[in-house]
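This is what each chain is made of:
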Amino acid sequence: MTAATGIGARVLRTEDKRFLTGTGRYVDDLPLARATHAYFLRSPHAHAKIKSIDTAAAKKMPGVVEIFTGKDTADAKVGGLICGWVVKGKDGQPHKSPPHPVMALDTVRYVGDTVAMVVANTADEAKDAAEAIKVDYDVKSANIDLARALDKGIPEVHPEAPGNLIYDWEIGVKADIDAAFAKAAHVTKLDLVNNRLIPNAMEPRAAAADYDKGTGNYTLWSTSQNPHVLRLILSAFVLGIPEHKLRVIAPDVGGGFGSKIFCYNEETMVTWAASRVGRPIKWTAERSESFMTDAHGRDHVTHAGLALDKDGKFLALRVDTIANMGAYLSTFSTAVPTYLYATLLAGQYTTPLIYANVRAALTHTAPVDAYRGAGRPEATFVIESLVSKAAAEMKIDAAELRRKNFIPSTAFPYQTPVALQYDSGNYPPIIDEAMKIADYKGFEARRAEAKSRGKLRGIGFSSYIEACGLGPSRVIGQLGGGVGQWESAQIKFNPTGNVQILTGAHSHGQSHETTFAQIVSDKLGVPIEAIEVVHGDTATTPFGMGSYGSRSLAVGGSAIMKAADKIIAKGKKIAAHLMEASVADVVFEQGTFKVAGTDKAVPLGAAVFAAYVPHNYPLEELEPGMDENAFYDPSNFVYPAGTQICEVEIDPDTGTVEVVAHTAVDDFGNIINPMIVDGQVHGGIVQGVGQALMENAVYDKATGQLVSGSYMDYTMPRADNVPSFKLGNKVTPCPHNPLGVKGCGEAGAIAAPAAVMNAVHNALAPLGVKHVEMPATPLNVWQSIQGAQPAAAE
Amino acid sequence: MYDFAYHRPKSLADALALLKGKPEGRVMSGGMTLIPTLKQRLAKPSDVVDLAGVKELAGIKVEGNNVVIGGMTRHADVATSADVKGAIPALAYLAGHIGDPQVRNRGTIGGSIANNDPAADYPAAVVALNATVTTNTGKHAADSFFKGLFETALGEGELVTSVSFPKAEKAAYMKFPNPASRYAMVGVFVAKTAGGVRVAVTGAGPSVFRVKAMEDALAKNFSSAAIKDIKIPADGLNSDIHGSAEYRAHLVGVMARRAVDAANK
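So the sequences go chain by chain: C and E. Taking numbering that gives the first Met the number 0, I'd label the letters of the first sequence as residues 0 to 793. Taking numbering that gives the first Met the number 0, I'd label the letters of the second sequence as residues 0 to 264.
There's no promise every hint is true.
Said to hold, decoys possible - When the alpha-carbon atoms are kept at most 30 Å apart in a straight line, the in silico DSBU-like pairs for lysine-lysine are as follows:
no.	chain 1	residue 1	chain 2	residue 2
1	C	Lys454	E	Lys264
2	E	Lys21	C	Lys126
3	C	Lys95	C	Lys70
4	C	Lys454	E	Lys169
5	C	Lys450	E	Lys230
6	E	Lys43	C	Lys58
If you're looking for bench data, these hints aren't it; they were derived computationally from the structure.
Just chain C, with the same shape it has in the complex (with noise of 0.2 Å):
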């Protein structure tokens, strides 16, 4: 019964049956009765002073039920936006918290701040009389360019951060690395752009509240990756409405990526307002809004140096980042470039001395934060290109580099020098599968076929680390942030033995109605299809983080599993008691509890039934009932990793870079369901090829306006812009979690960047050219032979 949907299984997805037949329920699928329309007008300029703004003829436009501006967010005195993370600098102080208002002041700070809020009968409605709004504003020069953010003289985006520096943060010692750098036998440096990308969720943000005027009950429909956090949030910090009298709901949520977990604007405004209008209000984002207002993502300028030995071995790494925050701190910015990314500068190496600076600057563009990876792309996109380059620079193969600095299996647990102590991991095997996989032996003669039809081809290598599972509550906290990373379940059987799975996390694409059905199916016996997996309702499921950080299943799914114990224990003493046998004999196997070394059994549901009829039970010691609740707060992060390995093609009359084969190799500890984490795996490389070629968020350094601002200009990846991926695996099991797994999430688009860049360069590389910035357009890599061309002629 189980071997079908058990662990280990390839079980298609339960939720895809209302995915593929349109009966998915999002949060604009709603049906409210009486319900009004937001529309949010925002600004036009990057940096501009408000001088007035005239809401009277909008107010009489048809339609129109109110509008509010940030002088009425103020009177009634609702918070500001918080940054939940507070990222200590190099002086020992917090760093720079300027407000965060829900809707604009006196100033707007980037294209698609909002100005005020108008609420109608209909969305058209509400958009007619936002365009009768008024707005005078005195425009001011802005800062757009991250490169020259923290120069003097540049526009300030907030007085409380002079210099718009909000933190300037380091790990490690200076002056260690410096000796290191300075007695070195080979040094290899390098400048690196981290492109900012727009996460582009298939669905785009939606918010729906309604206000019970009887009760003084909230509801907020939203597309949360965290429906608790959000509620804690606004209920602690921004709205005040007690956490009890606030329901959140994030149902069926298409896509996330990172730029759902944070606590936005709207979605406080609409909660607040629904009050004071007194009927529903429904918001969802158009498109350009999406571009406009989403948190972005990465957005890095880097300088980077590795110290290595004449027989390339690693001996020190030296990293100096700035990295943007954009105008205002999101929820989990200040993490991201620091505990997320330089955590990780040790990759799968034994670097002994690591060193990075990390300055966070704010300009006059929209809010950066979390998206897939969050700081481990980054992290690993400065490893490995710092790697590649120097095993090209010193005429060693890059596998053979890596493998020669790979952190041995015996030396697991390992302490980097980053903080972090891994907890297990086997690299080599890694590598070496990837590249009977990609074959890679076989290259040469690729190359040279490739040459004589005219084009380049290349060869990249990315082995990544990355640590997922957020996280142990305990190093969070001395950290700075502020909240737990533990995860709830709760396992409820029915009295005719069908179980709810009740968990915090938030499944928004990552299939967690198969994957934890599964977990129970294999551990309680129980078939899928008796199974169900509920999540995102406050009112519904135990308090709980979300999903984010890869960490649903080595969390989440750890949490099930101590429930289940916990529904094991219970169902043991049950049983016993019906077959008249001490606890101490009675074996829990395959859904049926038995006495060892006899024919007497009983079958879980049986159990149950008992539970829940305790007609013949153990009452004086034993509650009635069968429904557990777990907490698991895990002892470490997980530590995935694996090596990517990319070829590409390009041609040299146009710039264009084919990735012509991709293959990945990854230790996500034990796995569940397979064909879901390929599924992981596959959407991850292609938002990381998207990141190495295609995707850029492009501001005007002049005016902050968005040139990329739709999908004219935006390059997704598309389907035939990558090939058939080929995948492998090893495990090594987690030590620390009851299901040994790690996270499969993030891993693809952490990685793929790098291998991608890589063997864009490699492929250059007989051309002369030294360095192509990401994206690898086909402008940006004809521009590059173009500049080459002279020095290779020399």
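Following the hints, position chain E against chain C.
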């Protein structure tokens, strides 16, 4: 979008009658540009006259040495037409590479050339094949039809009824798509017809243009080698985040050579 009155006439005469006296009225053929424009509130027509029901404007026929395509003929129909594939395979190829399947099943040849988007594909074919554009009021030669950025020779109340393409001895279209939109960043249509050799470029400039130097060289020797040293000046070409004017100028050369090679196959 703003409100407007929607009309769906069944004949060209009815369509023209509906448009009369409505200076803010707009004709819609496939709507592939008009509808996004309306959705973004960038246009506020009083009336939209949808030609989808005007059957007389759609269809493909071969008349002597010409392939005549009705103004309301969808790209997908041109791409799959046996007549077009037989007479001018390059034209079928071009139509089959416009946008995506949804666009090809809505967008029309008449709408495309009347809009004259600088990145549209059809203008390159119309000019390179020296087609004749027929309207409800007369005929336009290809060279005088496309006037500039989103500008044509069409007058007030004038609709494209058909486009007549002379058969080509050799022809090919090569497009370098914009990576994001997949419109033509540079598209070059090369054709050798009874009237001579023509090279028409779309996407690179504000409107479709011919490259005389290439035409002259190819007239003498129809091979890519004949044009390999011809440089296209970057002056006046489009420039954006996807391609500088210099890059576009370079791509005109690359795409032209590839088109000639394809035409010779």
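Hint by hint, here is what the structure shows:
no.: 1; hint: C:Lys454 x E:Lys264; in the structure: 21 Å, holds
no.: 2; hint: E:Lys21 x C:Lys126; in the structure: 26 Å, holds
no.: 3; hint: C:Lys95 x C:Lys70; in the structure: 24 Å, holds
no.: 4; hint: C:Lys454 x E:Lys169; in the structure: 27 Å, holds
no.: 5; hint: C:Lys450 x E:Lys230; in the structure: 25 Å, holds
no.: 6; hint: E:Lys43 x C:Lys58; in the structure: 22 Å, holds
Of the numbered hints given earlier, the model fails none.
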